[in-house]
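Engineer: Here is what each chain is made of, one letter per residue.
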Amino acid sequence: QKEVEQDPGPLSVPEGAIVSLNCTYSNSAFQYFMWYRQYSRKGPELLMYTYSSGNKEDGRFTAQVDKSSKYISLFIRDSQPSDSATYLCAMSSSRTGTASKLTFGTGTRLQVTL
Amino acid sequence: DAEITQSPRHKITETGRQVTLACHQTWNHNNMFWYRQDLGHGLRLIHYSYGVHDTNKGEVSDGYSVSRSNTEDLPLTLESAASSQTSVYFCASSAGRPDQPQHFGDGTRLSIL
Chain A
19 QKEVEQDPGP
29 LSVPEGAIVS
39 LNCTYSNSAF
49 QYFMWYRQYS
59 RKGPELLMYT
69 YSSGNKEDGR
79 FTAQVDKSSK
89 YISLFIRDSQ
99 PSDSATYLCA
109 MSSSRTGTAS
119 KLTFGTGTRL
129 QVTL
Chain B
3 DAEITQSPRH
13 KITETGRQVT
23 LACHQTWNHN
33 NMFWYRQDLG
43 HGLRLIHYSY
53 GVHDTNKGEV
63 SDGYSVSRSN
73 TEDLPLTLES
83 AASSQTSVYF
93 CASSAGRPDQ
103 PQHFGDGTRL
113 SIL
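Which chain is which? The protein sequence lines are A and B, in order.
Residues in the first sequence are numbered from 19 upward in steps of one, following my numbering.
Residues in the second sequence are numbered from 3 upward in steps of one, following my numbering.
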C-alpha cells in the first residue's frame, strides 16, 4: 500500500464549479502538507502549504487537513479553464518541513471546460 | 530572476550507456533534489543533497548517483542505463527553511531504448 493515495482522475468540471481534490495517507508522522500544481510538460509549482491540522485559504483556494482521519483536501472555488492541470499532494514528516524529503501522491488531472 | 534549469530537455539513449542529466540553480539554495515521475507512481525521490559534498539516497536510488561539488549544481548520473529508467526526471531546490517551497525545473524526458 502506498503511503499517500490520490485519485488520478481525470476530473472534468464546468467553468465556475467548486472543485474538491483529496488525498489520504497512512504515515501518522506527516506534519507538513502541500498541494502542487503541474501544467503539462512543466515542473510542479507550490500552490498551498499547511502545517499540522486546520484550514488555510488563499484567494480561490482552500486547503484542509484532518490528521485524525489522515485526509487532506484542496478546494477550488469559481474554477477557471486556467486551473486545468494536474494537482499533486505532498507530505513531509521532517522538522525541515517543505524543504526536506517529500512524499507525493500520484496526482489528479483536472479539466475545467467552458 | 533566480531559476532552476535542467538539460537536456529531451534525450534518447541506448541500454548500457552512461547518461548524465544536469541541474543548475541560481537561487543559492542549499537543498537540492532529484525525482522521477512515472504514470501511476507520481514523483519519487531518487537522491538529495543538503549542501556541498553531502548526498543522500532516496526511495528509488538504485542505478543512479549524484555528486555535489558546488552550491549551484547537482548532476544525476545513470551508470548503465536500463529501459526501466525511461522516465521524466525533475530537479528541485529549496532554501532549507520548513515553510519554503521546493522550486522545480521543467524536467528532462529520458527514453532508453
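Take the hints with a grain of salt, since some may be wrong.
Claimed, not checked - Here are some of the chain A residues that sit facing chain B, going by a computed Cβ distance under 7 Å:
| # | residue |
| --- | --- |
| 1 | Gly27 |
| 2 | Pro62 |
| 3 | Leu65 |
| 4 | Gly72 |
| 5 | Phe122 |
| 6 | Gly123 |
| 7 | Gln129 |
What the hints assert, rightly or not - With a straight-line Cα cutoff of 25 Å, these simulated DSS-like cross-link-like pairs (lysine-lysine) come out:
| # | chain 1 | residue 1 | chain 2 | residue 2 |
| --- | --- | --- | --- | --- |
| 8 | A | Lys20 | A | Lys119 |
| 9 | A | Lys60 | A | Lys88 |
| 10 | A | Lys119 | B | Lys59 |
| 11 | A | Lys119 | A | Lys60 |
| 12 | A | Lys20 | B | Lys13 |
| 13 | A | Lys119 | A | Lys88 |
| 14 | A | Lys74 | B | Lys13 |
| 15 | A | Lys85 | A | Lys20 |
Quick caveat, the hints were computed from the structure, so don't treat them as lab data.
Just so you know, even glycine gets a beta-carbon here, dropped at the ideal spot from N, CA and C.
Engineer: Does the structure break any of the earlier hints, and which numbers would those be?
Structural biologist: Structure breaks hints 1, 3, 4, 7, 9, 12, 14.
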